[in-house]
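One line per chain: the protein sequences are Z and W, in this order. FYI, in the working numbering the residues of the first sequence are 1 to 312. FYI, in the working numbering the residues of the second sequence are 1001 to 1285.
Please note: incorrect hints may appear among the correct ones.
Quick list of the computed label-pair ranges, beta carbon to beta carbon [to be verified]:
1. W:1194 / Z:168: 40 to 48 Å
2. W:1281 / Z:287: 56 to 64 Å
3. W:1284 / Z:156: 49 to 57 Å
4. Z:199 / W:1167: 25 to 33 Å
5. W:1039 / Z:281: 28 to 36 Å
6. W:1194 / Z:197: 53 to 61 Å
7. W:1067 / Z:48: 40 to 48 Å
Since the hints were made in silico from the structure, they are not lab data. We put the CB at the ideal spot given by N, CA and C, even for glycine.
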Amino acid sequence: MVDMGVKIGGLALANPVMPASGTFAEGLADVVDFNRLGAMVTKTITAELRSGNRVPRVAEISNGLLNSIGIPSKGLDYFLSETLPFYRQFASPLVVSISAPTADAFAVLAGRLQLPGIAAIEANISCPNIEEDGHAFAMSAASTSQVMRKLRAASSLPLWAKLTPNTGDVVAVARAAEDAGADALVVANTILAMSIDTETRRPTLGNIMGGLSGPAVKPIIVRMTYQCARAVAIPVIGCGGIADANDAVEFMLAGAAAVQVGTATFVEPHAMTQVIDGLAAYCARKGVGRVADLTGAVSDAGLRLGDTEVLP
Amino acid sequence: MTAARTMAANTAGNALRLPGSGVDDVRALVLSNERVNDSYNLLVVEAPGPARNAVAGQFFHLQCPTTGEDAPYLRRPMSTYRADPQSGVVEFLYKVSGAGTRGLASLVAGDYLSMLGPLGVGFALEPDWRHIVVLGRGVGLATLAPLAEMAAARNIGVTAVISARDQDQVLSVPRFAAIGARIEIVLDSDGSSSVDHVERLLRRIHTEGHADAFFTCGSNRLMLLMQRLGDELGIAGQVAMEQQMACGLGMCHCCVRDFRVGGETVSRRVCWDGPVFPLAEATSW
């Protein structure tokens, strides 16, 4: 029997597989047993009501998806009265993804979520769709530090910082989040992207730009997971194009302590449970007793970044 | 026994539902997949679970095959053309119009199709309705044909107003005829499909006492007409809508449309809050 348990800071998970925020909601419970998941992660909530972006909100590309949903939100009161009771039916820990326009507003929202049935807060400081030109807190170490410090002061729940790939120095941002008190990092949100319909010459998204996800982004996010995991002591949760157990193993070898499955669930609703089963099968086949032993177990000994062979 | 989601049940809000309430994720055997005219194909699959659970107006999310030219990444939503609990057969009537439907068209008997569903909120019939009017155009008629059969099974009379470009594009007439529906065909080719003419037709059906409720799918202009007449004549109505979808389960919020509710505009997910909505609340698309 493979030990599938992992620890994300102080939070023990029955297995390392959970949904990516925004790709999971009540409707999936008609198809998937939520009690099998390592954790449940809500769609990002905001204190205020938000209508979201104009349609079209998604565009299909080769092996992936562009989205500009724009975080439609029914607000905190709706979440507390309707959504939270729904998730309390299930045994898996609930992680609430939150967003706010300012660091102070992030802290106020987190402070109101210290409630039974909420196991952790995921700070979505990385949505490319809600600020002008795709800007987000996690694009810079300074603004990441500012928002995470305020969150840390406001909440005693485990705090996960969801980073963005849309930054020149993800390692600096990762260290800033850790220094500011984050208990874990989620690496990463979608990649700011754009596509144009050549027949109509129109951008395929109503918001012009959006976030790229799906298998197309996986190698980029594996790289960022590897970089972040080497740079910080807190756990890294890998998120980017994971569609099957092999993808999850790859992220864990790169340094992820757990993984989030997102866009794949749209294509294959059972993707998460298939990843759980496949991870256990991989460990059994490879003689790995604890799935946690995969974390950072990439065989990179003797290899160095930027190791250039000089020709004679 | 699981309860399918219908519009009436949904107006009270999304009640807490336990896992596995009637949504199947199956690999269905393709029995046939043939052209029915120069625009539309009919796909017939064996899927006993979904065939048992589907209510008229609900849809399935289909994993469309990759072909030489296309690799559709997302599933495609497809309304139920027929779901027969006895034979275990589910049918889809579709127009080949993009990467997904080109993939569907490549299926042959003996292939398998991954299908998720039935999904969404279907049509609901009130017990005191004796006659309903269904008004559809194009592939919208595929959504209305099973509604007509559901009505007939409850001894509700059906008048089907079928709009099409020309006689060759008229769909589903045998389906409506088989349940004894009164059929009115209106065409672009002879001008009878004009809003003015269809309005006179609907008013006549109403005067004859055969319009306890209005149902429509497939045309914005006909939806607006039916909405206006329904409002004027006090006739309840439902509309089945389409929108680009990704997840089909209410998770991603991409398939939203605007609705008018009590003077306010609200955004609803076509896949989860619909695809069948109160006609009075719909807005132009």
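These are the hints, each one checked on the structure:
| no. | hint | verdict |
| --- | --- | --- |
| 1 | W:1194 / Z:168: 40 to 48 Å | 60 Å, violated |
| 2 | W:1281 / Z:287: 56 to 64 Å | 60 Å, holds |
| 3 | W:1284 / Z:156: 49 to 57 Å | 50 Å, holds |
| 4 | Z:199 / W:1167: 25 to 33 Å | 31 Å, holds |
| 5 | W:1039 / Z:281: 28 to 36 Å | 46 Å, violated |
| 6 | W:1194 / Z:197: 53 to 61 Å | 32 Å, violated |
| 7 | W:1067 / Z:48: 40 to 48 Å | 45 Å, holds |
Of the hints listed earlier, those the structure fails to meet are numbers 1, 5 and 6, in rising order.
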